[in-house]
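Produce the complete structure using the sequences and hints provided.
Going down the list, the protein sequences come from chains A and B.
Reading the first sequence from the start, the letters are residues 1 to 138 in this note's numbering.
Reading the second sequence from the start, the letters are residues 139 to 359 in this note's numbering.
It is worth saying that the hints were derived from the structure and are not from the lab.
We put the beta carbon where it would ideally sit given N, CA and C, even for glycine.
Residues of chain A clear of chain B, computed beta-carbon distances all greater than 10 Å:
#	residue
1	Y47
2	H65
3	V92
4	R97
Below 20 Å or equal to it, Euclidean Cα-Cα: the simulated SDA-like pairs (lysine to any residue) are:
#	chain 1	residue 1	chain 2	residue 2
5	A	K58	A	V80
6	A	K68	B	N265
7	A	K58	B	E266
8	A	K58	A	L48
9	A	K58	B	N265
10	A	K73	A	Y47
11	A	K58	A	V87
12	A	K68	B	F268
13	A	K68	B	T330
14	A	K68	B	E266
15	A	K68	B	F263
Here are the simulated distance ranges between beta carbons:
#	chain 1	residue 1	chain 2	residue 2	range
16	B	M328	A	G64	31 to 41 Å
17	B	L315	A	D63	46 to 56 Å
18	B	I218	A	P91	30 to 40 Å
Next come the chains, spelled out residue by residue.
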Amino acid sequence: MRKRAMAAFICVAVVTSGCASAAGPRYARATPQSTASAADPALMADYLQHLPAGSKVKIERTDGHVLKGTLMKVEAESIVVQRNTRVPETPVTVPMREIARVTLDSGSSTGKTVGITVAASVGATFGVLFLLAALLGG
Amino acid sequence: MRPLLQAVAVVAALASSAGAQELDRSPLARADAQVVVGWQNLREQQPAGTLGPQNNWLNSIVHGAVGAGWYWTDHLKTAIDFGGGTSGRQYRYSQVIAGGTTTYSESLAHVRETNLGISQQYQFFRNEWFHPHVGAGIDIARKHTTEEYFGANVVDSVTHAPRALIGPHTESESRTLVRPFGELGFKAYMTTRAFFTSDARIRFQGGIDEVRFRFGFGVDF
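Listed below in structure tokens is the structure:
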């Protein structure tokens, strides 16, 4: 049993080393299935200049990575976006030629909603178990 | 000693594998602190010769702990926590043979542990609202066992009156145990720094020795 437990832990360690090597922003870890082609930079710039600053956008880059954030600035050659993160981070500049597609983000944070729901559910479950244990334990 | 060496090996494997490339980037949070309560399940082997129900688990234990952690990177955290549980009770019933007469002895064991845990954790994701983690470490437990014996009587063959073979008494024992554990848990942030946390911890010694579920609140610094 102990050897099995050791083996399981070492497997976790080996797996997590791969995660560490690819550490970075969450969107940067997505492995692209295929490389998207860049949109016409001039057309893309024209489109983005019609979006008001502060728009929530989802940017798909030509390398397959996805960036979700707030559009801060649009220039002829690049845009500046601040990622949606828990702790605010420095805005990033994305060259226009690396943008494959930009869509307006609906604003619903699915991950956050799921996280809060899971946390609340687990908390409620443990709370009930905790009360039962305390009551039945006399 | 062997479990301790195994635990150290596990912690070292996790630590060395997970963060060498990230040490040049300072983590979002340097440290955190948390207060948790939970449900502790301890395995307590019934003594040899015990009759009756062979339940080797003490389940009705409420556990509380305070803990703190230090982030080496956004993914690697060394955590330490200190806590204790209420007493778990185990009913014991055994046969006693004295002078050709058979009788039975009953006792109630109260088991309570105070724990100090040191672990190495790997936290998934960076700067998100929900962060799962896995971890491994060692648990240093001070285990107090108090056993109340209710006494055993026999009927005197001459006078036919009951006679105490073993009088009621209490025995106590304290031991320090060091055992490895693994854990799985998460932090769900309510604000940029405050979080709800929960984890499940499994301790090993000749198989699963303890299962602990905890939840609580904490803050990043």
